[in-house]
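S.K.: Mind docking chains B, C and D on chain A? Use the hints.
Chains as they are written, first to last, in the working numbering: chain A, 7 to 389; chain B, -10 to 313; chain C, 14 to 352; chain D, 505 to 1003.
Simulated from the structure, these hints should not be mistaken for lab results.
With a straight-line Cα cutoff of 30 Å, these simulated DSS-like cross-link-like pairs (lysine-lysine) come out:
no., chain 1, residue 1, chain 2, residue 2
1, A, Lys388, A, Lys351
2, D, Lys891, D, Lys954
3, D, Lys624, C, Lys32
4, A, Lys356, A, Lys319
5, C, Lys344, D, Lys830
6, A, Lys286, C, Lys170
7, D, Lys612, D, Lys696
8, D, Lys979, C, Lys344
9, C, Lys339, D, Lys830
10, C, Lys347, D, Lys1000
11, A, Lys319, A, Lys143
12, D, Lys524, B, Lys188
13, A, Lys319, A, Lys51
14, A, Lys153, A, Lys319
15, D, Lys714, D, Lys979
16, C, Lys170, A, Lys69
17, D, Lys613, C, Lys32
18, D, Lys828, C, Lys347
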Amino acid sequence: MLKKVAALFLAAVLAFSLVGCSGQAQSSSGTQSSGASSSSSSDIKIGLTIYATTDATSGPMCKNMQAACDGMGAKLVITTDNQDLEKEVSNIENLIANGCKAVFCLPYSDNSIPRIASICEKAGVYFGFYWYDLATKSTHDVCYNSKYFLGNIYEDDVWSAYTAMQTLNKAGASKIGMFGLPTGRTTTTKRDEGIQKACKEYNMNVLVTDRVNTNTSDAAASSVESMISAYPNLDGIVIAGMTQTCLPGVIQALKNLHLNGKVKVACIDFNENQTEYFEKGLINGVIGGHFTGCAWLAVLAINKLQGTPLTDKAVSIQDQFIVLQSAEDAKNYTSYLYNELPYTKDEFAKMSKKLNSSFTYDDLLKTIKAYSVSDVMTRHNKT
Amino acid sequence: MEQKNNKSLSSNNSDRWMGIFINVFPFVGLLIVIIGFSIFSSGATIRLSNSIEVFNQSFALLLVTAAALFLLSQDCLDMSIGATIGMAGAVAAYISKTSIPIAFISAIAVGLLIGLTNGFLHGVLGINAMIATLAMQFILRGLLLIVCQSGTIGIAIGMYALDNTALKFVICAAFMVVCYLFFQYHIYGKQCKAIGAGKTATIQSGVNVTRVKVIGYAFMGATAGLAGFFTVIRTGAAMYNTGNMVEFDVLIALILGGMPINGGADSHFRSAIIGALILGVLNNGMIMLGLGTYPQLITKGLIFIFVLALTFTMRYQLNKNKRL
Amino acid sequence: MSFGLHTIVVKERFKMNKKIVNFIVVLMVPVFLYLFFLLLRPASFGKASTIYIIFTQSFITCIIAWGMQFLVSMGEFDLAVGAEMVLDCIFAALLSARIGFAGIIIGCIVCAFVCGVIKSALYRMMRIPIMILTIALVYLLGATGGLVTNSSALTIKSAYTFLGRAPGNIIVFAITGFVVYLLTNGSVLGANVRAVSGSVSIARNNGIHVESTKIKSLILSSMLAGIAAIIQLSHGSGVTPSVGLDSIQNIMQPIMSVFIGFVMARYINIVFSIFIGSILMSIISNGITALNWSSSIYNVVVGAILIVIMAYMNIAEISVRRREEKTGAMKNMKECGTI
Amino acid sequence: MDSKTLLEIQHISKSFSQTKALREVSFNIMRGEVRGLVGENGSGKSTLSNIIAGVYCQDSGKIILNGKELNVSSPIEAEEHGIALIVQEIGTIEGVSVASNIFLGSEKKFVSKGLVNYRKMNEEAKKALNEIGIDNINPALNVEKLNLEERKIIEIAKAYYIHPKLLIVDETANALSSHGRSILYSVIKSVKEYGGTVLFITHDLEELVKVCDGVTILRDGIYIDTCYGEKMVINDLKVEMVGREINDHYYRTDEESIVSDKVVLGVTNVYTSALKNINFELHEGEILGLGGLSDCGMHELGRLLFGLDQPYSGTISCYGETKKLKNPAEAIRNSIGYLSKNRDTEAIILQSSIKDNICLCSLDKISKFGFAFPAKENVFSEQWINKLKIKLKSKSQYVADLSGGNKQKVVLAKWLGRGSSILVLDCPTRGIDIGVKEAIYELMNELKDKGHAIVLISEELPELIGMSDRILIMKQGKIVCEKKRSPQITESLLIKDMI
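Extracted from the complex, chain A is given alone in its bound form (with noise of 0.2 Å):
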């Protein structure tokens, strides 16, 4: 009997791990081969680890990154390292070992990076870093001093934080619940930051934050239930990170206590519903759609790996965050820059000094500057 029952799931077993591993393989594989068939010289391939490859932000973000690689003709390897450190460590050695030219990452850690330059260094490969700002001058100088580093970039997230707060305040709110990443991540103090900046700047006060329950839309949702029962004048819930899970349940806790509109929200990061939020004037702002970075970078290493390159010293680019304010403007942005691509491969094409010649790094900055909802519409003319 056992015996039998063991084998049935042996079969199982078997059935599963095949069907799990070669619908992964099939979109890795898939990745290579497209890179493979749209350039001449595949030679070329660029690494990229990162904490998800689904999800309503890193979505994009590798779209984005996967059609300038088409575009410009290199294969890409993404590998995913759910936000552990030693994973993302881990990852980067592996890419490297596969033959990846460029591996791109977010540093966990301002502390990772020394180590992060040095693997790569020791193994002659470029490495730069997306959604990562060099704040500190010891960081800085350790990238600055490789030969290795292209560049990063990285977007404001005390401004975002702020500009998520402006809002609340725009639409009257002044008394703050708050949701936040764990703290202990570089992003999460620089939200902070930004928060502490607007609270002084139109005297508002984060009466709570809450950092734990934030994993599951019920526990969010209780928690504000929770917040609203114990600070019953709060009028404005800010989500600074996990939007994806806080947001439905911050919504649905508000609906059940009646409170939709009265207590204003708005978030950093994008997520599914936000169209559907506005719509229902259910939410006020939000942040987000840094989604291009991985191209940008993608942009700089293969021009270097091809030989002709953009630029000789490492680069520090800042790129743009999209505010979402209103109905229109998710609509737009879900259409235009969601469900297509903001910039096409062929438009990543023309990036590509070989393909293009008069490219040059001005370009690419002024491109970079422009990145906005209204940018891709005329570009993709779409009014």
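M.R.: Below, chains B, C and D alone, put in the same frame as chain A:
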């Protein structure tokens, strides 16, 4: 249950084969994994450079697995290994700014402390091992969040020098030898196995079970501390989620290494090494093949359950008397 | 590891007056805890709305705990419940997008049942402690959820969420509670569970099939988790897959409610005592929010409480044995006129 | 078959791992008779009754009930065939009510509208209790509020409730006071009255002769004889049970006991919940027999001497000086060895090799700096394996597949290897074949001559009489009488004190 006895005398032959299989399959597993991945990745996985990476990546795992062997052999589990690594790492990183040797010592000390607490909770207060250590895990993770309030805790620049494969290799080898000797030949190791095989009888042979358990957890904690120290050296900083899920990796490793889930005389030291290596190659290989987080977890989980089922049913056939 | 629950799960029926006294005694516990927070922060804890929220938030915890108690009293642990609930919610959300409100109910229940069956099949096959088995399942189920959803958040139409707020959740809770009460005190399963938790061998010799009792309890715990998932999904109106052991964190509260329940079961029926346990938990979490303590404290508090309760249960059991020993010895000594 | 036969037992064999509990046993039981079943411990009485009642299932042979072959896999099924068993050990579960205990496993009877109707169950339980003349037990009460005898009575009620065709009473009388016994006998009588049959197992032969119409004798798992009416003469029965005159060759031959007066172990005024004012001294080279009914406290006393339980008051002294035996380790340090009654779970580690078992408590002796290397272990274990002539395939073979006797030898080897000079042997020959028994007796003699002191706790009177220099008979936790070794001591003499 009794019915099981009917054919207790028969099928000795098949029993022998099962026994052989159980002893052999870890080695086979290791071979399969290595060969399989090197084929899939067209040889990339077995390059020397990559082999070194595999070692570096599974260094911490090797250490804690070897230590966990002592616990599992006496049918105890520790779900707080990962958190301990994180905590010790954080402390080490924090202190490293003043003095690296002290950081090293304090990391181990913290681990030891946590281990002793676990030992006290399970060994002395008699709280179910899994629940106690699980609770401990949550406490530590909570504390870790508070400790890392100011962001990640970076290590002193001087510490990067310590991340050197040769050094690690020496430490690992020495550690393994010591553990091997203690587990196979020292009174302590034998007592561990005895407890796993039959607690009451061991007590009635005059073994102080409480002491053995407390020592086991203490050693586990200290080792986790050591692992934590090297983990932060490797990553350059301690974070709120440093060492996440290591405990599960340890469990898988031991099972893959052919360890019986409830310990006893069947536990051998090789389980630790082979298991850890299999898992190391597996992780590395899966990343090389570009598997995402979820497929990786699923594959691991399925392998775990499957191997567990296989070995357990076989062992069950082999020694039914145990559960009568 | 039977937790000596046979000494702890004692039910005193047919003693009306004593019952009432006990009930009041037990009721005092949450009241005192409430007063404690009331003193610390009268502004927020002084309101009826807070009490209402404390109640409604304890529902989910309580239902899960009710499901767990059967296994726990038999010395087994099902840690996969949390992961199952996430999966239930995911399937329910996907289904509701197709077939509307019914999808939520069907999705949760069916998925829960399937999970239960898988668990019991594996258990039946391996006979290893359910705890270890379910730890592995936590990863599997979590990852499955992740694959299904591409780790993106799912939400349900707000029209379908009325089970998440009063009176919907109260009704569901009340009905579930009634059913659980019958299952525990009225059903053959309940009787068998009590027998097994008392003595496996005697139960077996009286023709009670221990394995199948455990398997039934496994499925039962999954089903109740499914019901809890319905409320959870309706209450949060969204779900995101959780990787690794996070989902276990979500069931720490129920686990503790169960233990508190067992401790109190000496005085009142286990079903009520578990409810009170979950109310305690909900008071604590609300209190922490109200005091705006760093929410990281929460994990610490939760873990510490769990340890304390477990320690208490063991020590209590030991001291009971000691007392029996002592009284016995004293009796004998009196008998022989030594004292 | 003739219609008078209720139960035919045909060639039943049953073995637990290596020990043969029953060998080709076959006999018939008539309708409406009260049949006694006697035999020494380990003669297979309980095994047989458990097989009939479906607790175990036989390896071979069949049981025929009313001409139909009976194969039941669980007591509940047996109950459906009208067979009820009152077990030897505790058969009630703490933490549930009396009623639930009486109807344990058959709650379905009371299911109405999908629910168990406990009120009905309680009423039923009350009836069941009244039927056997008990009215002072509240069926809703939790069992743990009752004492052992009351619990036994509940089991009797449970068994009688179904008005069984065949009622098996397995050494229940031991746990009962005279009042309880009278209840039991009245139950047996009424079963007989409505034409049911009773299979009655007991040690107490007088009692047996009073109650039974006929008696069947088992010895070492073999059917010996069945005799009726006036043929049931106690002494003959005994002879047949033991298969030999008392003081048979393989017990000690010497009649008077030579014991040095050096006291190695002294127990003074010890009280626990199970023991009352225990006082005795154990001398060097003495075999001290502890006898009594299985719940008389002698086993507890054994545990106490090994530090598994602590005395509530009173002292234990080793070699003259008072010792606090907090735990076995402490006891072992005072060179005390202990062989538990339930050998397989407590005395040895089944799933571990013979070598490891023997070495386990001597590791500190054979190790250098805490390291015990195989070479040394092999030498050590071999030495004792040879001394005790343990039959085995290899030293690293698991103990689990040794025969009972050899297992027992392994335990002894363990303690001798440790050099324990005081041995507490709790039922050392339980479930062991004659041959090995003999060997163990010889060994005990050797040890005695070497000056070891042995406390022999046994439920087998011939063994006690045959082996010990002194016999202490215990009853309800008290030492009721002390008998020096002499040929005059007979079992009946001791039994009188025991009951």
